[in-house]
Every structure is written in C-alpha cells, then in structure tokens.
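Chain by chain, the residues:
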Amino acid sequence: MSSNTTDYTAYKSYLEEDGGRKGIFKWILSTDHKRIGLLYLYAMMGWFIVGVVLGLLMKLELIAPGKTLMGPQSYNATFTVHGVIMIFLIVIPGLPAVFGNFFLPIQIGAKDVAFPRLNLFSWYIYVLGGILVIISLFGNGAPDTGWTFYAPYSFKTGTNMLPAALGAFVLGFSSILTGLNFIVTIHRMRAPGMSWFKMPLFIWTLYGTGWIQLLATPIVGITLLMVAGERILGIGFFDPAKGGDPLLYQHLFWIYSHPAVYIMILPAMGVISEIIPTFSKKTIFGYRAIVFSTLAIAFVGYFVWGHHMFTSGMSGTALWAFSLLTFIVAIPSAIKVFNWISTMHQGSISVEVPFLWAASFIFIFMIGGLTGLVLGSLATNVHVHDTAFVVAHFHFIVFGGVGFAFFGAMHYWFSKIFGRVYDKSWAKTGWITFFIGFVSLYGPMFYLGIKGMPRRYFDYLEEFHGPNIISSFGALVMIAGFVIILINLIKSARHGEKTTEMNPWGGTNLEWQVPTPPPLENFDEIPVIEKATYKYD
Amino acid sequence: MSETLSHQVVHRDDEASKLGIWLFIFTELLFFGGLFLTYAVYRNMNRQAFHLAAEELDVAVGTINTVILLISSMTMAMATTSIQKKDKRTTLILIWITLLLALAFLVNKYFEWSGKIGHGIWPGSPLLEELGRGDTLFFGLYFFMTGLHALHIIIGMVLLAVVLVRVQKDRITFDNFQLLENGGLYWHLVDLIWIFLFPLFYLIT
Chain P
7 MSSNTTDYTA YKSYLEEDGG RKGIFKWILS TDHKRIGLLY LYAMMGWFIV GVVLGLLMKL
67 ELIAPGKTLM GPQSYNATFT VHGVIMIFLI VIPGLPAVFG NFFLPIQIGA KDVAFPRLNL
127 FSWYIYVLGG ILVIISLFGN GAPDTGWTFY APYSFKTGTN MLPAALGAFV LGFSSILTGL
187 NFIVTIHRMR APGMSWFKMP LFIWTLYGTG WIQLLATPIV GITLLMVAGE RILGIGFFDP
247 AKGGDPLLYQ HLFWIYSHPA VYIMILPAMG VISEIIPTFS KKTIFGYRAI VFSTLAIAFV
307 GYFVWGHHMF TSGMSGTALW AFSLLTFIVA IPSAIKVFNW ISTMHQGSIS VEVPFLWAAS
367 FIFIFMIGGL TGLVLGSLAT NVHVHDTAFV VAHFHFIVFG GVGFAFFGAM HYWFSKIFGR
427 VYDKSWAKTG WITFFIGFVS LYGPMFYLGI KGMPRRYFDY LEEFHGPNII SSFGALVMIA
487 GFVIILINLI KSARHGEKTT EMNPWGGTNL EWQVPTPPPL ENFDEIPVIE KATYKYD
Chain D
11 MSETLSHQVV HRDDEASKLG IWLFIFTELL FFGGLFLTYA VYRNMNRQAF HLAAEELDVA
71 VGTINTVILL ISSMTMAMAT TSIQKKDKRT TLILIWITLL LALAFLVNKY FEWSGKIGHG
131 IWPGSPLLEE LGRGDTLFFG LYFFMTGLHA LHIIIGMVLL AVVLVRVQKD RITFDNFQLL
191 ENGGLYWHLV DLIWIFLFPL FYLIT
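Protein chains in written order, with my numbering: chain P, 7 to 543; chain D, 11 to 215.
Extracted from the complex, chain P is given alone in its bound form (with noise of 0.2 Å):
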C-alpha cells in the first residue's frame, strides 16, 4: 500500500525541524504545538515519579499499625504534597496538554494552534508552578493540610503553605491559558468542511474541558490568593475569629474543584472514543449521544460541589438537591460507556494494546462511578465519608480514569509522535502487571472504607491489617508494572525501530492521514473535509 506510507523524500520532520536552534533550546523555545505537547509529557513524567514514590511511602507506612517508617506529622506532609503534585501537576494539565497540544491542531487540520506563543507561555508558568510547589517542601517543613487547603487550617498552621498554594494558583493560570487557546482554536482553525458535528470526539471533550476549565478556575484562584491574604495579612475572611465563614471556603473550593474532575476526565473518554472504534473497525455508535453527554457533563458538572460538603453543615434542601444534581451528572457518563460497549459490538475487534487500555479504562471506570453513586446518596455518604472508602472511589477515577486513558493514548498514539513502534509483548506484560497492581491497590480500601477505617491517618487498628497488607503489596505489583511500561517505552522512544507507517491501526481521523512523523506545520496544504469521522465502508 503506497497510500500508507510516505513516499516523498523532501520531508522533513517537526523531530528534524528544529528551527536552527541547539541542544534543549530548540525544545524550550520552540512555538510548534508537538514540541510543546512533548515538553509537557517530559515535565510531567518528572512530577509523576515524585508523585508516585509519595504514595509508596505511604502504602509502606500503613503495611502494618502502628510507626513502621514516618510519624503523624511526615504522612500529613506526604499526602498533602502527594495530593497537590498529582492532582494539579498532573491530571489536571494531563491529557489535555500532552496530546491535546500535540492533536488537536492535526485533527482539525489545522498547521498550529490560535496562540503559538502563548501556549509555549503557558508550559513556562506550568514549570513555575511545578518550582513553587517544590519550595514548599523546604524551610518550615511541607504543608500538611491535604491537597484541599481548607480553611482555617491552612493559615494557622506553621507550616509552608504559602508556596504551596500560590502554586497552585499559578498552575491554575496556566490551565486557563490552555483552555483559552483551544477554544479559541477549535472555533477559528477548523480546516474547511470540517463542521461541529465532523469534529472528532477527542476534539469535542477539549472544548468542553477548554469551558470547564475557564469559568472554574478563576474562582480557586481568587480563593488561593485569600487564603494567602488569611496567612500574610491576617484578613479574616475565613477566620471564625474574625467573623468568617470556613464553610464559605469550601463552597468556594469545591466549586472549582469538582469541576476540575470533570476537566479530568472529559478528555480521558476523549482518548477512549478515539480508540474502541479502532480496534473494533466499527464507526462510533451514537457519535451525537456522546457529543452532548461531553457537554452535559461540562454543564452539570457545575452544580454538585456539594456532594463534597454532606456532613459539614448545610440546609436539608441543599443537601438533597446536591445529591440529586450528583445523581444526574451520573446519566451522561453512562451513556458514553453504553455507547462504547455498542461500538464494540459485532465489531471487528484487534486486541492491540490500546485496546486493552480502553477495555480496562471501562472497567475501572464503572466502579469508580458506581461507588461515586454511594458517595452520592446522603445516607451512604455519610456513612463513608472520609473514610478509605472516598480514597478509593476517586483513586478508580481520578487515576484509574485518567492513568489508564493516558497510556492507552500513549500507546495509540506513540509510533506517530516519535516515529519508532514499541516492544509490543513488554507493553503487555506492563498493562496486566499495572492492572492487577492497581485493583489490588484500591479495591481493599472499599471494604476498609465501609467497616470505618478513617482516611489521611498514618495508623489504623489491628483488625484493619489484612486489607492493608494486600492494598500495599498491590502498590508495588502495580509500581513494578508502571516501571515495565515506563522502561518500553523510553527505550522505545530512543532505540525503537523506525516506522513512516501513516496508519498502523487503520484510524479514520487526519492524525493519520499526516506522515509519521508529522512535518512541522502538519499539513503540506489544508485538507479539505468531505466524510463524516469514524467512516469505516
């Protein structure tokens, strides 16, 4: 097939193309949006593996009760920094700054996203961010309230809070940027035919998560600045003392920070539409169902920040109404996976890695949402709340969620980024062992949960231990599989072999209409757009 491979030798690479710069300058200062996408995945590949050595050491800590390796005050300090690096380092800009920088551009046919520069700008205050969060762990010793810095906790204790929450202030800034970018793109740079209902749906889950991200993070920005108003000026906005209201914190955390889940997850099931009508040769079932359940979501999603508040004091309207709203939000996320489970049927299904990523991401995910349903209904909620039970619902989505959607995209996507293919039969021993590791891991925690043991304390009562033990030793099989998949693919990456394979799975959107490796402004001219996406005649 000459079609699938390129054939013109005057090509050049965006690998090759490096702008007559040298060495790490023609990463760092280099406006092309696929360099820029990989500038994230490296920065973010860093903070994971502090992220992830944080959460070993708190699973070796509770192997057994009582102090096996840190005391009360390191494992609040370990969680809270755990807490911040993974949720606002990492799942937060995750999916959508790695391949969103690096495909949404291609799959609209478009040479670069709206704002070049800004978007390199953006990855700046990002690394700053990420600098500011690292402060925190020194001088005074790391912040220790949790990645949630309630109030009046965060300004009273003696701890390094300050860094630590203007990092996060300053990352939000930079997830704006982003989001701002790619709304601003999707709606002028679309090539020629490509209307709304042409996108793909990796491309609509951006839009979305780009609206999430805009109207809601302005709000815990400005809550993180009061915050450090509490710790510097001594303000007493949320000082009881002074007359604040610490529930008026939380309200206004959550009311950024649930969406943010959603900001998550979004392009999580992006990936996920991306890749099940691949592998099973079958166009996507219900493209528009899934399209509007994307923007349902974005739009619910809004109003169930106080499914988080049950037991901290609200009217009994509040509370059922939020529960309700909770209940709602759950409608969409079902109907993307009843649609994916259609796609799949009697479709043509090749069991490649991505689809093993795809099918488990399904699997993980339908846990974590039903427990979400417990956590949800006020009566359960109660029962559960701060319990391991919580830890384990948002670990399924949160990292189950956008862990398993991130190397399923990684492993979809990887021959076209770099241009080499990986050691396939390594990259499944890596998915099974990460798989097992990862159930085992948090899967005890939901019975831990339901018989009461407490989260974020670093000691537990003996009849606790069991759990416990399968729960840690699930940490290091699924560490063990993260580090298989982590060395395939940097190996991979380096000393692959080389492929100009345009479209190894057969793939119906533009990314795999450019060559492999795509040229620096993607497209020789902009293609013009005639047939619906996930055709397969």
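These are calculated hints, taken from the structure and not from any lab test. Keep in mind the model is a prediction, meaning the values are calculated, not measured. Errors might be hidden in some of the hints.
What the hints assert, rightly or not - Here are the simulated SDA-like pairs of lysine to any residue, each with C-alpha atoms no more than 25 Å apart in a straight line: (1) Lys28(D) to Leu239(P); (2) Lys117(P) to Ile532(P); (3) Lys162(P) to Lys28(D); (4) Lys28(D) to Glu527(P); (5) Lys162(P) to Leu141(D); (6) Lys119(D) to Leu239(P).
Based on the hints, put chain D in the right spot on chain P.
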C-alpha cells in the same frame, strides 16, 4: 528561526485574538466574582457594621477616581479610533494621557490608603480587632479588593506601555491594530470592575 517567524506571520488572525481577549476578560470577571460573592455573603451577615463602616470611606476620593478611570477609558477608545484614521501622533498622545490618568488614580489611592493606615485601619490592626467582626471584614474586603484592582491597574499600565512602544515603532499600524484594541479592552475591564467596586464600598451606606 526564519521558519518559525514566517510561521507566525502567516497565522495572523484578528478575529481569533479578539475572541481570545474576550474569553480572558470573562475569566477576570469570574475571578473578581468570587470576591463579590464573599462581599455579598458577609454584608448580609453584618448589615449594620457594613453600613457604618462604609461611611468611614471618603466618597469624594472615590468619585474623583471614578471620573479619572472613566476619562481614561474614553481616551483609550479614542486611541483605537485614531490609529484606524492613520493618525499616529494623536494615538500616541491619547495613550500617554491614559497612562498619566492611571498614574493619577494610583497616587490618589496611595493617599487614601495611607490616610486609613494613619487612622489605625489596616488588615489585622488592633483597632479593627476592637471595632468587631463586621468592621474587620468590611475593611479586609476593602483593602483586598481595591488592592487587587490596583494591581490590575499596574498590569494594565505595563500592557499599555508595550502598546505605546509598538505604536511608536510602527509595529502597530492602521491595518494591524489588534494589540492596541486588546489593550484597550483590558483597560475597559479594569474600569468596569472599579465601576462595581465604587458603589459597593463608597456609596451604599
């Protein structure tokens, strides 16, 4: 290098940058929105104290600052028009006037704040502790919100200074004035936020 440069020139899209600045203005409004919400909640909780504390503020100073900002918004809008009329000299003069008015606003603010601090009113001051919770919250919000607004004035001045230099160097011209217009839009936003701050702190007593 030349590759990257041509790459950006080709992609000039005025509509896109206008859309971008409007979306950014939207986020700025939401950013202050969190503070307006806080103000509303605490005003509702401490009606009497907010009422009395607001009478402490000098309406004259607030009014002068409002007038200054409104005029500066007008000169900025005029600058956008005059560049379209290919009148570079008037454009430069108008941006200079805007910058001087912004400076006048800050000078005014400086005297207002130092007056308050001279009377023993600042966030966390012993006097406020004595006056009680309502006053603490009112003046806390006053310093925080007007301070944040003043910070936006400074950012706006930096932005307008960049625009000024670019007009001077003919980088902004009658057929490529999007940056000037965006700077103007940002400046109107700063004005708009003040228009809300002024009645909330100075007029409603």
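Holds or violated: are the alpha carbons of Lys119(D) and Leu239(P) at most 25 Å from each other? holds (19 Å)
For the pair supplied as a hint, Lys162(P) and Leu141(D), is the alpha-carbon distance within the 25 Å limit? Judged against 25 Å, a Cα distance of about 23 Å means the pair holds.
Agreement of Lys28(D) and Glu527(P) with the hint, judged by alpha carbon distance not exceeding 25 Å: Between Lys28(D) and Glu527(P) the Cα gap is close to 24 Å, so the pair holds against 25 Å.
Pair hint Lys162(P) and Lys28(D), alpha-carbon separation not exceeding 25 Å: Given pair Lys162(P), Lys28(D) is violated - Cα atoms ~43 Å apart, limit 25 Å.
Does Ile532(P) lie within 25 Å of Lys117(P) when you go C-alpha to C-alpha? Distance ~8 Å between Lys117(P) and Ile532(P) Cα, so the pair holds.
Hint consistency between Lys28(D) and Leu239(P) [alpha-carbon to alpha-carbon, up to 25 Å]: Violated, at about 37 Å.
Comparing the model with each earlier hint shows violations of hints 1, 3; every other hint is respected.
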